[in-house]
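Q: Listed below, chain by chain, are the residues.
2 protein chains.
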Amino acid sequence: MGSRANGAAAERLTSTSNGRGPVDKEVDFANYFCTYAFLYHQKEMLSDRVRMDAYYNSVFQNKHHFIGKTVLDVGTGSGILAIWSAQAGAKKVYAVEATKMAEHARALVKSNNLQDVVEVIEGSIEDITLPEKVDVIISEWMGYFLLRESMFDSVICARDRWLKPNGVMYPSHARMWLAPIRSGLSDHKMEDYEGAMDDWQGFLKETEAYYGVNMSVLTKPFSEEQKKYYLQTSLWNSLHPNQVVGNPAILKEIDCSKVTVEDILKVEASISSLVTKEETRLCGFGGWFDVHFKGSEENPAECDVELTTAPSQDDGTHWGQQVFLLQPPVHVNEGDEILVNFSMTRADDNHRLMKVDLGHSIKQSSGKMLPRVENKFFIE
Amino acid sequence: MGSRANGAAAERLTSTSNGRGPVDKEVDFANYFCTYAFLYHQKEMLSDRVRMDAYYNSVFQNKHHFIGKTVLDVGTGSGILAIWSAQAGAKKVYAVEATKMAEHARALVKSNNLQDVVEVIEGSIEDITLPEKVDVIISEWMGYFLLRESMFDSVICARDRWLKPNGVMYPSHARMWLAPIRSGLSDHKMEDYEGAMDDWQGFLKETEAYYGVNMSVLTKPFSEEQKKYYLQTSLWNSLHPNQVVGNPAILKEIDCSKVTVEDILKVEASISSLVTKEETRLCGFGGWFDVHFKGSEENPAECDVELTTAPSQDDGTHWGQQVFLLQPPVHVNEGDEILVNFSMTRADDNHRLMKVDLGHSIKQSSGKMLPRVENKFFIE
Chain A
1 MGSRANGAAA ERLTSTSNGR GPVDKEVDFA NYFCTYAFLY HQKEMLSDRV RMDAYYNSVF
61 QNKHHFIGKT VLDVGTGSGI LAIWSAQAGA KKVYAVEATK MAEHARALVK SNNLQDVVEV
121 IEGSIEDITL PEKVDVIISE WMGYFLLRES MFDSVICARD RWLKPNGVMY PSHARMWLAP
181 IRSGLSDHKM EDYEGAMDDW QGFLKETEAY YGVNMSVLTK PFSEEQKKYY LQTSLWNSLH
241 PNQVVGNPAI LKEIDCSKVT VEDILKVEAS ISSLVTKEET RLCGFGGWFD VHFKGSEENP
301 AECDVELTTA PSQDDGTHWG QQVFLLQPPV HVNEGDEILV NFSMTRADDN HRLMKVDLGH
361 SIKQSSGKML PRVENKFFIE
Chain B
1 MGSRANGAAA ERLTSTSNGR GPVDKEVDFA NYFCTYAFLY HQKEMLSDRV RMDAYYNSVF
61 QNKHHFIGKT VLDVGTGSGI LAIWSAQAGA KKVYAVEATK MAEHARALVK SNNLQDVVEV
121 IEGSIEDITL PEKVDVIISE WMGYFLLRES MFDSVICARD RWLKPNGVMY PSHARMWLAP
181 IRSGLSDHKM EDYEGAMDDW QGFLKETEAY YGVNMSVLTK PFSEEQKKYY LQTSLWNSLH
241 PNQVVGNPAI LKEIDCSKVT VEDILKVEAS ISSLVTKEET RLCGFGGWFD VHFKGSEENP
301 AECDVELTTA PSQDDGTHWG QQVFLLQPPV HVNEGDEILV NFSMTRADDN HRLMKVDLGH
361 SIKQSSGKML PRVENKFFIE
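Sequences listed follow chains A and B, in order.
Going by this note's numbering, the first residue of the first sequence is number 1, and it counts up by one from there.
Going by this note's numbering, the first residue of the second sequence is number 1, and it counts up by one from there.
Derived from the structure by calculation, the hints contain no laboratory data.
Only a predicted model underlies this, so the values are computations on that prediction, with no experimental measurement involved.
Check the hints yourself; a few may be wrong.
What the hints assert, rightly or not - Straight-line alpha carbon distances no greater than 30 Å define the calculated DSSO-like cross-link-like pairs of lysine-lysine that follow:
#	chain 1	residue 1	chain 2	residue 2
1	A	K91	B	K205
2	B	K25	A	K110
3	A	K228	B	K227
4	B	K205	A	K63
5	B	K43	A	K220
6	B	K227	A	K110
7	B	K25	A	K228
8	A	K110	B	K205
9	A	K110	B	K220
10	B	K376	A	K43
11	A	K258	A	K164
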């Protein structure tokens, strides 16, 4: 950031992308990486007990994958996964981190007496060189709704460059889920939007009266901007299980040992969800993910571990769920079928953010089909 | 942002800087410009009555500067200053805007029937070409505490490239002010900081107990990060005049027709402020600015207009003031003299942000000198 001399342009580009070409590294840093350089942010993730327990258990209940083996931790952050891998018996752990957090990881490794096993490398996984291929790649790469941040591209790159042919991915599998939900947020956001538009009307009057400028030509773009902000941007929320009003359905299944970046550029699914609650409101859809640590087919885990971010009363995670709100909410009944066409791709101007086309129709239990509704959303 | 082919590196750099070299334009956009592309943000500024009144009056009470003249509006945003300039009688107005807001400015100009006078140009003022030099440069470039955002560099560039020798700057002058203040924020921020450190202690215990990793080596960097965040980062606040406990003093005076970028890379001043309130607490310092529209020496305004962002009961602005908090607050009395050495430069990694060295000592009315205290602050 800031001043940089006219260097070789090639070094400034990463290979992560939205399928359209390379990304400028400094822009990527300004937009994305910089948050991870803060200890406060690392602490938030380290304080997520569900997340920590899942990774801890996946490693220590599967020591056979680690004892005497070489491990690569992609995006090591504070170094926690690398440290656990070493404590579980790894012979050598390469812990790669793109931000200055790598310095803290190095200090943490040393103060836990693991510097002979864990080597912290500051750099992008796409650029750095390792002296050898590894038996295990471990990484906590999941963003909101699994793919926000597109960090998995980097894990795939690491796998293709550095994993031995029979190597194991931690986690091994990932799934994206969607379910119809009820939520007071629909009403709140509509109130916020309408409030913003009322305020705009007052603003128009004042600007004309006091300053002699008619700004009504901006009403349409302003309203589109506010609509996008209040109504079309997915929200972080920690849903209660009672808010899920129909059977959740799988949108995407990923085998981390085989998936390519091309496979995840687009998430497209047609799903169906039976409403399970009597007389409720369909206010939108909640999206979340789970990952599993099953090892590989040739070299399975002894103890499968699941990390789920599904709505939970007591076991919520810092990921929450992503909520896509419908305006207006729709009354639905037990036995109604909600048919959804879901399509998610990367944002045009930032490969780490997403845009969603979500169309749904409702087949009431009587057999009557309500008209199809199409909505666009933005995962920002 | 996002994908960009390997183009000519020179086009990607701006000349704005922290005195250390050119800045990558896409990074600058990701870090800075992007907020200004939102109508919501423009509306916030357009709704600031003090700001709007000052610029409106400066133009319409000084029509002699505009009638039949050519004008350049640097960073036109929605186009408001350009529109007023045209309405005040300008023959031609060039309205330059770096973001897509330029499209809205163009629409606004057209819907107010001024497209024959106002030409909106989308681009950086450092790059674009005008067909002629101008009589007036008008711009609303002031950031928090005047210089945050370093937009004035762009205005200076515009002046040096495009202002006729006897041209006029709107505004013509600017001043930075500092005053000792009292504020409950000192206590709040210290509580927040101590809370974060207490929480950290609990986190350390849990991480060792549950996960077998000793993170105490991170306590020092964590505490420095939290200290910077809670105690050393200047705050936006809207101060009440009663919170000003001593005479405000001028830190910097700028003649917009003569100042260079070099002149504003560093703001350095030694000031003295007499405490004007009986038995109060010195909790920190408040910084603000004013600008004046005086025209030029050869071609003065008929009606001087002032825009001040000093603490005010009724005439606050969206700029508020910037507050630099002291820990702990100090008891002071009417007649005590607060001596301040103030030094502000641009942040190393982002020329649009600032770092401040603020040393102060108190000479009590009895004559006794309290020891000097040095503090660092960050304007983020």
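Q: Now, for every hint given, state plainly whether the structure supports it.
A: Here's how the hints hold up against the structure:
no. : hint               : verdict
1   : A:K91 with B:K205  : holds, 28 Å
2   : B:K25 with A:K110  : violated, 39 Å
3   : A:K228 with B:K227 : violated, 36 Å
4   : B:K205 with A:K63  : holds, 25 Å
5   : B:K43 with A:K220  : holds, 14 Å
6   : B:K227 with A:K110 : holds, 25 Å
7   : B:K25 with A:K228  : holds, 26 Å
8   : A:K110 with B:K205 : holds, 19 Å
9   : A:K110 with B:K220 : holds, 15 Å
10  : B:K376 with A:K43  : holds, 25 Å
11  : A:K258 with A:K164 : holds, 13 Å
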